[in-house]
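Chain residues, written in single-letter form:
Protein chains: 2
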Amino acid sequence: MKNAFYAQSGGVTAVINASACGVIETARKFPDKIGTVYAGQNGIIGALMENLIDTSKESSADISALKHTPSGGFGSCRYKMKSLEDNKAEYQRLIEVFKAHNIGYFFYNGGGDSADTCLKVSQLSESMGYPIQAIHVPKTVDNDLPVTDNCPGFGSVAKYIAVSTMEASFDVASMAATSTKIFVLEVMGRHAGWIAAAGGLLDDSIPVVILFPEIKFDEKKFLAKVDANVKKFGYCTIVVSEGTQWPDGRFLAEQGTRDDFGHAQLGGAAPVVANLIKDALGHKYHWAVADYLQRAARHLSSKSDVQQAYALGEAAVNLAMEGKNSVMPAIIRTGNNPYTWEIGIGELKDIANVEKMMPMEYISDDGFGITEACREYLQPLIEGEDYPPYKNGLPDYVVMKKHIVAKKLPTFEV
Amino acid sequence: MKNAFYAQSGGVTAVINASACGVIETARKFPDKIGTVYAGQNGIIGALMENLIDTSKESSADISALKHTPSGGFGSCRYKMKSLEDNKAEYQRLIEVFKAHNIGYFFYNGGGDSADTCLKVSQLSESMGYPIQAIHVPKTVDNDLPVTDNCPGFGSVAKYIAVSTMEASFDVASMAATSTKIFVLEVMGRHAGWIAAAGGLLDDSIPVVILFPEIKFDEKKFLAKVDANVKKFGYCTIVVSEGTQWPDGRFLAEQGTRDDFGHAQLGGAAPVVANLIKDALGHKYHWAVADYLQRAARHLSSKSDVQQAYALGEAAVNLAMEGKNSVMPAIIRTGNNPYTWEIGIGELKDIANVEKMMPMEYISDDGFGITEACREYLQPLIEGEDYPPYKNGLPDYVVMKKHIVAKKLPTFEV
Numbered sequence: 001m002k003n004a005f006y007a008q009s010g011g012v013t014a015v016i017n018a019s020a021c022g023v024i025e026t027a028r029k030f031p032d033k034i035g036t037v038y039a040g041q042n043g044i045i046g047a048l049m050e051n052l053i054d055t056s057k058e059s060s061a062d063i064s065a066l067k068h069t070p071s072g073g074f075g076s077c078r079y080k081m082k083s084l085e086d087n088k089a090e091y092q093r094l095i096e097v098f099k100a101h102n103i104g105y106f107f108y109n110g111g112g113d114s115a116d117t118c119l120k121v122s123q124l125s126e127s128m129g130y131p132i133q134a135i136h137v138p139k140t141v142d143n144d145l146p147v148t149d150n151c152p153g154f155g156s157v158a159k160y161i162a163v164s165t166m167e168a169s170f171d172v173a174s175m176a177a178t179s180t181k182i183f184v185l186e187v188m189g190r191h192a193g194w195i196a197a198a199g200g201l202l203d204d205s206i207p208v209v210i211l212f213p214e215i216k217f218d219e220k221k222f223l224a225k226v227d228a229n230v231k232k233f234g235y236c237t238i239v240v241s242e243g244t245q246w247p248d249g250r251f252l253a254e255q256g257t258r259d260d261f262g263h264a265q266l267g268g269a270a271p272v273v274a275n276l277i278k279d280a281l282g283h284k285y286h287w288a289v290a291d292y293l294q295r296a297a298r299h300l301s302s303k304s305d306v307q308q309a310y311a312l313g314e315a316a317v318n319l320a321m322e323g324k325n326s327v328m329p330a331i332i333r334t335g336n337n338p339y340t341w342e343i344g345i346g347e348l349k350d351i352a353n354v355e356k357m358m359p360m361e362y363i364s365d366d367g368f369g370i371t372e373a374c375r376e377y378l379q380p381l382i383e384g385e386d387y388p389p390y391k392n393g394l395p396d397y398v399v400m401k402k403h404i405v406a407k408k409l410p411t412f413e414v
Numbered sequence: 001m002k003n004a005f006y007a008q009s010g011g012v013t014a015v016i017n018a019s020a021c022g023v024i025e026t027a028r029k030f031p032d033k034i035g036t037v038y039a040g041q042n043g044i045i046g047a048l049m050e051n052l053i054d055t056s057k058e059s060s061a062d063i064s065a066l067k068h069t070p071s072g073g074f075g076s077c078r079y080k081m082k083s084l085e086d087n088k089a090e091y092q093r094l095i096e097v098f099k100a101h102n103i104g105y106f107f108y109n110g111g112g113d114s115a116d117t118c119l120k121v122s123q124l125s126e127s128m129g130y131p132i133q134a135i136h137v138p139k140t141v142d143n144d145l146p147v148t149d150n151c152p153g154f155g156s157v158a159k160y161i162a163v164s165t166m167e168a169s170f171d172v173a174s175m176a177a178t179s180t181k182i183f184v185l186e187v188m189g190r191h192a193g194w195i196a197a198a199g200g201l202l203d204d205s206i207p208v209v210i211l212f213p214e215i216k217f218d219e220k221k222f223l224a225k226v227d228a229n230v231k232k233f234g235y236c237t238i239v240v241s242e243g244t245q246w247p248d249g250r251f252l253a254e255q256g257t258r259d260d261f262g263h264a265q266l267g268g269a270a271p272v273v274a275n276l277i278k279d280a281l282g283h284k285y286h287w288a289v290a291d292y293l294q295r296a297a298r299h300l301s302s303k304s305d306v307q308q309a310y311a312l313g314e315a316a317v318n319l320a321m322e323g324k325n326s327v328m329p330a331i332i333r334t335g336n337n338p339y340t341w342e343i344g345i346g347e348l349k350d351i352a353n354v355e356k357m358m359p360m361e362y363i364s365d366d367g368f369g370i371t372e373a374c375r376e377y378l379q380p381l382i383e384g385e386d387y388p389p390y391k392n393g394l395p396d397y398v399v400m401k402k403h404i405v406a407k408k409l410p411t412f413e414v
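Note that the protein sequences, when read in sequence, are chains A and B.
Residue numbers for the first sequence follow my numbering, beginning at 1 and rising by one.
Residue numbers for the second sequence follow my numbering, beginning at 1 and rising by one.
Be aware that a few hints might be false.
Which copy is meant is left open, because identical chains are indistinguishable; a pair holds if it fits in one copy or across any two.
[What the hints assert, rightly or not] Cross-link-like lysine-lysine pairs, in silico, BS3-like; alpha carbons within 30 Å at most:
#	residue 1	residue 2
1	Lys33	Lys391
2	Lys88	Lys216
3	Lys284	Lys356
4	Lys391	Lys402
It is worth saying that the hints were derived from the structure and are not from the lab.
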């Protein structure tokens, strides 16, 4: 009987803990095959430093509460393992730690980088004579993993952005006669416009202009579009991706702004866009930057996102029990209207370091909105609500006890 | 039998429409005494320009849906009536419009300025021989009206800020080991720290430093506090009011930032604070500016806020039916734990132009947090959830039909 190791990787989401819950609850159903599930304290560096959290010391109720708790319950990290050639010692250390703690299953919950790490661990472990079944559990608000229909975490961010854009638009619509006519919301997505696209899910009674990182910023065309919207609707809402670029490739936010001390610009893309409009069209504006609020907003998660995040954690353990290795459970869409899906399986070699970009046919011809095909894809992902329980007016989120297992190996410098 | 006029004033909130719903639904219960409820299109300028919305053309279902719809359903405006001496013509125009449409009840839903307008209309109408019962319905996220325990709109913003601060803090806590250690959230409240104070409602396992507009920014003391939190907790969350000032009285946001074209600074207080920390302590940061998202977030309204907003609209009509004039229904707190309240009554002369500031005994000695007295006051205001219905993943908010009544008077320039 082997133990299992689970780690969270990269930027956390509103539902990555639901995957953790799926892994741990499902592993507990195989007491004959899986001993203890250890979780990496702060992700993979928890394994490298031999800081293993004993999840068996967490109560069933607390593990269950992970399903409605945002963030990384065991801690995550931004730590990209170097290539095997550049730093074989790190991979060897991982396997030594796994060996020392009799770990035979490695569940890694993250995006493209962690899929790559997962694959390498599996390969190296065989050559080192200590085989480990490595299963990747998909997670990323960037929604850029191949094979899977979507990535857990994305649907909830999309719902947050769609709802927030709608609410702020209602607000501006009621003030526009004498006051604010422009509202700019900056959203995440440095490389792809998946998140910004969610602003296009409102019905067309609400004028929303989207600035995608995929489309170079055309100031003149943009201002004409905003002007037309203000003339027609009395106001205009803009959803701008943090990754939107000037024609020369600089990010919108890099406008060369300096403070009194000569420090580089402080702001984001939203104030830049708002000021352009003010200067050209004279309208009063407001702007918001959602930043972490969007990916942490478990209070507004999409129900399908929570369900899929859990199901993928569950499936990862089931795949391990079936003897699978170097794979990732994936969401396979089987129908729209109603949205139906099942769990499929992808090979890590087809997933590691492959980025799924937003298809250009999802962006409208003028570059400022989404197409019907995009709406068909996105719509099911924001559907359903899954509210956390509340206590004293605040969500009753759980904090893990994080009991660290006694170390068996010498210290390792990360 | 007289008609009634209802108008929304100033910045809108998540629950001002619940007050509108309370006014209209209650007025419909007095068919012998109240004819039609007219609503001002875009607030008081709707009355000045004789743009009156006939609310009897809105279905019962739509009026009921106002209770779960944020923003100003009939439109609001930022339009401060000048003093009686400076612009008597405007007040006279109001009364002429009321007279032309047989309006005997004036329900004005707003903050301190609108309470003042309400009072003047009542006074002038008597001297002009066309008595109007003027009732003010309190509303403002600034929470600065006297007499009432709190102002509808504030409780929901407070809940949004408390929940968002909590969620972002959970996020940062899981990333802090290798990445972001500082999260800064900028919140509304140019003159008073009521909204910022809501960031203090988390339990003390979460390190939150609050910057209030009431306390001049002490950079050295602030950095020491942040440093201590990072050392103790591994991270630190900062909630900064947009009204926070440097010792010389400039707003934090006015740091003299200029872009390439010499335009004044674009950003808010949050990036300024984040950069100060980065420069002094070297920590990686993220920042968010909630702006309109906070006051429009009906998806996360506090239940007591929604109930009180409705109850105050209802009470306004009941007071009118009792023959009252120049008054405002108010929330009177009758107990904490459990929170109990009843509707009281305030005289507009005691309310107009009186600002209720945040008591200094609500701010902790170090100036960066709230006291137990403040917590006792705030806690009940964020309690309970009151979710809107959803359709296709988005809140099912209502849009009024806004049938404009035929004009009877010559045009008036506003």
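### Task
Sort out which numbered hints this structure fails and list those numbers smallest first.
1, 2
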